[in-house]
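Enquirer: These are the residues of each chain, in order.
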Amino acid sequence: MKNMIRKLASAFCASIMLFTVSAPSVMAEDEEKFPSGLKQSEFENEMTSLPNIANENDSFDYTESGAVGVFRGDEILYTHYFGSTDRANNKAVDSDSVFEWGSISKTLIWVSVMQLKEQGKIDLDRDVREYLPEGFFQHLSYDEPITMMNLMNHTAGWQESTYPIFATDKNELKPLGEALQDIEPAQTYPVGEVTAYSNYGAAVAGYIVECISGMSFADYVHKNIFEPLKMEHTSIAADRSDNRYVADKRSEMHSYQNYFYNCIDLGIIDKYCPIYPCGAATGTLSDLMTYAQALADKDAPLFQHKETQDEMFSGTLFYGDSDIPMWAHGFVITEYNVRTYGHSGATVSCQTNMAIDPESGIGVVAMVNEPDGNELLSKPFELVFGNLSPDKYGNADGNKSELNGYYLPQRSLKEGMGKINRYLQAVKGSNLGEVEGIGNGAYRIVQKAQMDGEESAMLLGKKRYSDGKTALSLPSCDYAEENFYLVKLMLLAMYMLTGIGGIYVLLISIKMKNHKRKAALAGSRMMTAGSAASLVSLIAILAVFVFFNNNDGLTDLQLTSLGIIQIICLAVCAVAFVSAVVNTMKAGDKKRILYIFSGVSNAICICAILYYQMYRFWNI
Amino acid sequence: MKSYRQKIMDIIKADIITMNGSKNSMTTTLVMSIIMTIVSGFCINPAAGTMGCFMIGGLIVPTMFNSEMKNHGERLYGIIPVERKELVTSRFIFCTAVFFIAEIVIYLMMLISLKTQLYNRIFENGELDFLKIVSDMTENRMSPKGFFNLVYFASYSFGLKMMAWSLRSYLSDSKKYAQQMMEATMGNRKMSKKDVITGVFVLAILVIFILLLLGVIKITAAIAVVVTLLFQLAQAANGLFLGLIFTIEALFFLIYCYISALLTYEEKDI
Numbered sequence: 001m002k003n004m005i006r007k008l009a010s011a012f013c014a015s016i017m018l019f020t021v022s023a024p025s026v027m028a029e030d031e032e033k034f035p036s037g038l039k040q041s042e043f044e045n046e047m048t049s050l051p052n053i054a055n056e057n058d059s060f061d062y063t064e065s066g067a068v069g070v071f072r073g074d075e076i077l078y079t080h081y082f083g084s085t086d087r088a089n090n091k092a093v094d095s096d097s098v099f100e101w102g103s104i105s106k107t108l109i110w111v112s113v114m115q116l117k118e119q120g121k122i123d124l125d126r127d128v129r130e131y132l133p134e135g136f137f138q139h140l141s142y143d144e145p146i147t148m149m150n151l152m153n154h155t156a157g158w159q160e161s162t163y164p165i166f167a168t169d170k171n172e173l174k175p176l177g178e179a180l181q182d183i184e185p186a187q188t189y190p191v192g193e194v195t196a197y198s199n200y201g202a203a204v205a206g207y208i209v210e211c212i213s214g215m216s217f218a219d220y221v222h223k224n225i226f227e228p229l230k231m232e233h234t235s236i237a238a239d240r241s242d243n244r245y246v247a248d249k250r251s252e253m254h255s256y257q258n259y260f261y262n263c264i265d266l267g268i269i270d271k272y273c274p275i276y277p278c279g280a281a282t283g284t285l286s287d288l289m290t291y292a293q294a295l296a297d298k299d300a301p302l303f304q305h306k307e308t309q310d311e312m313f314s315g316t317l318f319y320g321d322s323d324i325p326m327w328a329h330g331f332v333i334t335e336y337n338v339r340t341y342g343h344s345g346a347t348v349s350c351q352t353n354m355a356i357d358p359e360s361g362i363g364v365v366a367m368v369n370e371p372d373g374n375e376l377l378s379k380p381f382e383l384v385f386g387n388l389s390p391d392k393y394g395n396a397d398g399n400k401s402e403l404n405g406y407y408l409p410q411r412s413l414k415e416g417m418g419k420i421n422r423y424l425q426a427v428k429g430s431n432l433g434e435v436e437g438i439g440n441g442a443y444r445i446v447q448k449a450q451m452d453g454e455e456s457a458m459l460l461g462k463k464r465y466s467d468g469k470t471a472l473s474l475p476s477c478d479y480a481e482e483n484f485y486l487v488k489l490m491l492l493a494m495y496m497l498t499g500i501g502g503i504y505v506l507l508i509s510i511k512m513k514n515h516k517r518k519a520a521l522a523g524s525r526m527m528t529a530g531s532a533a534s535l536v537s538l539i540a541i542l543a544v545f546v547f548f549n550n551n552d553g554l555t556d557l558q559l560t561s562l563g564i565i566q567i568i569c570l571a572v573c574a575v576a577f578v579s580a581v582v583n584t585m586k587a588g589d590k591k592r593i594l595y596i597f598s599g600v601s602n603a604i605c606i607c608a609i610l611y612y613q614m615y616r617f618w619n620i
Numbered sequence: 001m002k003s004y005r006q007k008i009m010d011i012i013k014a015d016i017i018t019m020n021g022s023k024n025s026m027t028t029t030l031v032m033s034i035i036m037t038i039v040s041g042f043c044i045n046p047a048a049g050t051m052g053c054f055m056i057g058g059l060i061v062p063t064m065f066n067s068e069m070k071n072h073g074e075r076l077y078g079i080i081p082v083e084r085k086e087l088v089t090s091r092f093i094f095c096t097a098v099f100f101i102a103e104i105v106i107y108l109m110m111l112i113s114l115k116t117q118l119y120n121r122i123f124e125n126g127e128l129d130f131l132k133i134v135s136d137m138t139e140n141r142m143s144p145k146g147f148f149n150l151v152y153f154a155s156y157s158f159g160l161k162m163m164a165w166s167l168r169s170y171l172s173d174s175k176k177y178a179q180q181m182m183e184a185t186m187g188n189r190k191m192s193k194k195d196v197i198t199g200v201f202v203l204a205i206l207v208i209f210i211l212l213l214l215g216v217i218k219i220t221a222a223i224a225v226v227v228t229l230l231f232q233l234a235q236a237a238n239g240l241f242l243g244l245i246f247t248i249e250a251l252f253f254l255i256y257c258y259i260s261a262l263l264t265y266e267e268k269d270i
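Protein chains in written order, with the numbering used here: chain A, 1 to 620; chain B, 1 to 270.
Accuracy of the hints is not assured; some may be wrong.
Stated by the list, open to error - A few chain A residues that don't get close to chain B, going by computed Cβ distances all over 10 angstroms:
no. : residue
1   : D74
2   : D123
3   : I212
4   : A247
5   : E252
6   : I268
7   : F318
8   : D321
9   : W327
10  : S378
11  : N421
12  : K428
13  : G501
14  : M512
15  : R616
Stated by the list, open to error - Capping the alpha-carbon separation at 35 angstroms, the derived lysine-lysine pairs in DSBU-like fashion look like this:
no. : chain 1 : residue 1 : chain 2 : residue 2
16  : B       : K115      : A       : K414
17  : A       : K516      : B       : K145
18  : A       : K591      : B       : K13
19  : A       : K419      : B       : K161
20  : B       : K193      : A       : K518
21  : B       : K176      : A       : K586
22  : B       : K13       : A       : K463
23  : A       : K511      : B       : K7
24  : B       : K161      : A       : K516
25  : A       : K511      : B       : K145
26  : B       : K145      : A       : K488
27  : A       : K590      : B       : K176
28  : B       : K161      : A       : K590
29  : B       : K161      : A       : K591
30  : B       : K132      : A       : K516
31  : A       : K516      : B       : K176
32  : A       : K271      : A       : K91
33  : A       : K513      : B       : K161
34  : A       : K419      : B       : K13
35  : B       : K145      : A       : K586
36  : B       : K176      : A       : K488
37  : B       : K193      : A       : K462
38  : B       : K132      : A       : K392
39  : B       : K132      : A       : K513
Honestly, the hints are just simulated from the structure, not real lab data. C-beta atoms are modelled at their ideal positions from N, C-alpha and C, and glycine is treated no differently.
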């Protein structure tokens, strides 16, 4: 019995010893794991085996170019620099390289606003016009007050701006208030109803910081964010004049593009953002990491009270009527395996991404000198935070359905000559797959990875606007259901066809002239003029896209001249239409069909110009 | 006095007789092409089957007027009471009708192929199903049937244009066209100045296309708009909307060729 007791006692002691020895190692293993379940070493292996990284010395010309950093609290877990800032001269990306933050700059606005709120200088629910100079907005369509919360949630109702938000010449830059008034877009949605991501709205918030603090936004950010955090290699001013180091480094950096695994050197694209608070910050990876670490720090070094930071990371806009947030005081919430707060950014030369998990203090930042694509902007985030598991928000409520119809992005031009573009970005509901309700207007779409078949989920909300339209809401913007979309698309297609038909009509006219044939039809000159007008109108609308693409927007001169051309085309088509109708009534059977054809094509052109507002160059 | 419609029908009948009743007839070639197209559509992929659409467009005119070209049969119309306008009209109607019948047959056959998916049984488990691969590549925004319709209608509109252009060339200068056809078949054709210009033009388009692919020339925003519009149309109604657009555009070209041929043929010395 004694032996038995002794054996049991020794076994018990051994098990305790085993536990005490093994427990720290298990805990150490736990500590090394990211929310995705990956260990740090596994993460590093995965990063080096990314297809376009592993090919660095291989036959492919293209390799990813940029920098990635991962931290947990004060500890930097991973930094790595990829590719080059100047391939031709073998200058690799390194810790001295600077990248444009793009829209991550907006988080500087939101932090500034929360600092001012903490000081009692701003009320997030008060009309922002109270903080702005009188008569600041010139094109508002709705009387409802626009609050700072509307600006943070991108629900102030502004459509996308038609004017350029980048300038190529430093000398073109104007003071922030003036620059904002120059590009004020039309307010096309009721305040607080539609989410439509707005650079303009965010920059207005930056201007409000200027108005309240009495100093320029750049000075405010330097004094209250960059200097306390010792971010010495980051600039915020539109022309980067506030940091010589950044300006010099930026003027050396090339941008690259992956084009079928060929690396295209886009050269040094040095453009300036006149409404700079929304996207002009530029700096090193280490500075962005310092900033992200401050945001993830529970002691809230950027605020007097840590409660302000907690408030900043509380939800302000939600999926449907659920409690799953998509925006938190201007910070985008991304649901990975854990909930992260951050922002992504893109300029004409760089892209960035930043996400932090305040719970674990883990954060990831990525900066690349490529304007399109790049796995570095997504893969490290998935590897650290893990994909959103389909069952995270419980089982589906049984409300499975296919989305029908077509949905148009609300972050687009609802009015004006760029309206066509909105119709070219439609999303077909059924292409999104099957959506499953998870309660209170929130839905999930389960996606299966093609490579390993692993399932992940994407969230979206459903809401109904005051005009009865259904919309799907995502953080970037709502997608509203469009009635008779196919009819409208067909009108656009037919309009383009009338333009192409115009080429043939003109060719036939020339041919007949060459063969010295007189037109057998009365009013044939008017028919030819109508066809020519359709063609000119088509060329003018395509020119809108060419100018927009070359300049990231349209100048007043371009807008006005293209609008006037469309008005002339509209008038010519209208006269040609009337002529065709009159001649149809007079003509015999054989010729009538030609007049009908002419009348219909002119009518299509008129309807398209009017419906798509191709003539409208004012107040957009 | 025969009506206009009767006259047109008579000319078409005469053309059918000429087409069939000669040892120089190329009807067998045309029929064989259609059969080959259908077989490849069933055995390889319906998208491969659509290749025949423009092949037929290029074959119709030499097939139908082969005998006439060799025997200088067009002189006949200089002496019989047929107006030149009627002749041009009848030939455009005849060729277009034959083309449409051939295309409808091919389209229906390809739809059956798409439904039965015989080609997936020949090639293991659909791993080489081109239509499905493209559909997956576009993240299912375009269904396999939608993509098939896109390829079919693009190919068919190109074929219709080829046919219209061939007929216009034949009616404008049948001797030259016959000579070109003969030399193209025999492979000893001498290059005229016009051919050199055409060659350079085609080569330039090819170079531009390659430069676009390599990214040396960036696709301009205007092209992107047109491509996006085509893509949106291809999503709607499984590509049939886009099919309608392609058809109308090809018909514009057909009308242009018809009027051009009419103007040239009426002044031609037969």
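Enquirer: Which earlier hints turn out false for this structure, listed by number in ascending order?
Expert: When the structure is compared with the hints, numbers 11, 12, 13, 14, 16, 17, 21, 22, 25, 30, 34, 35, 36, 37, 39 turn out to be violated.
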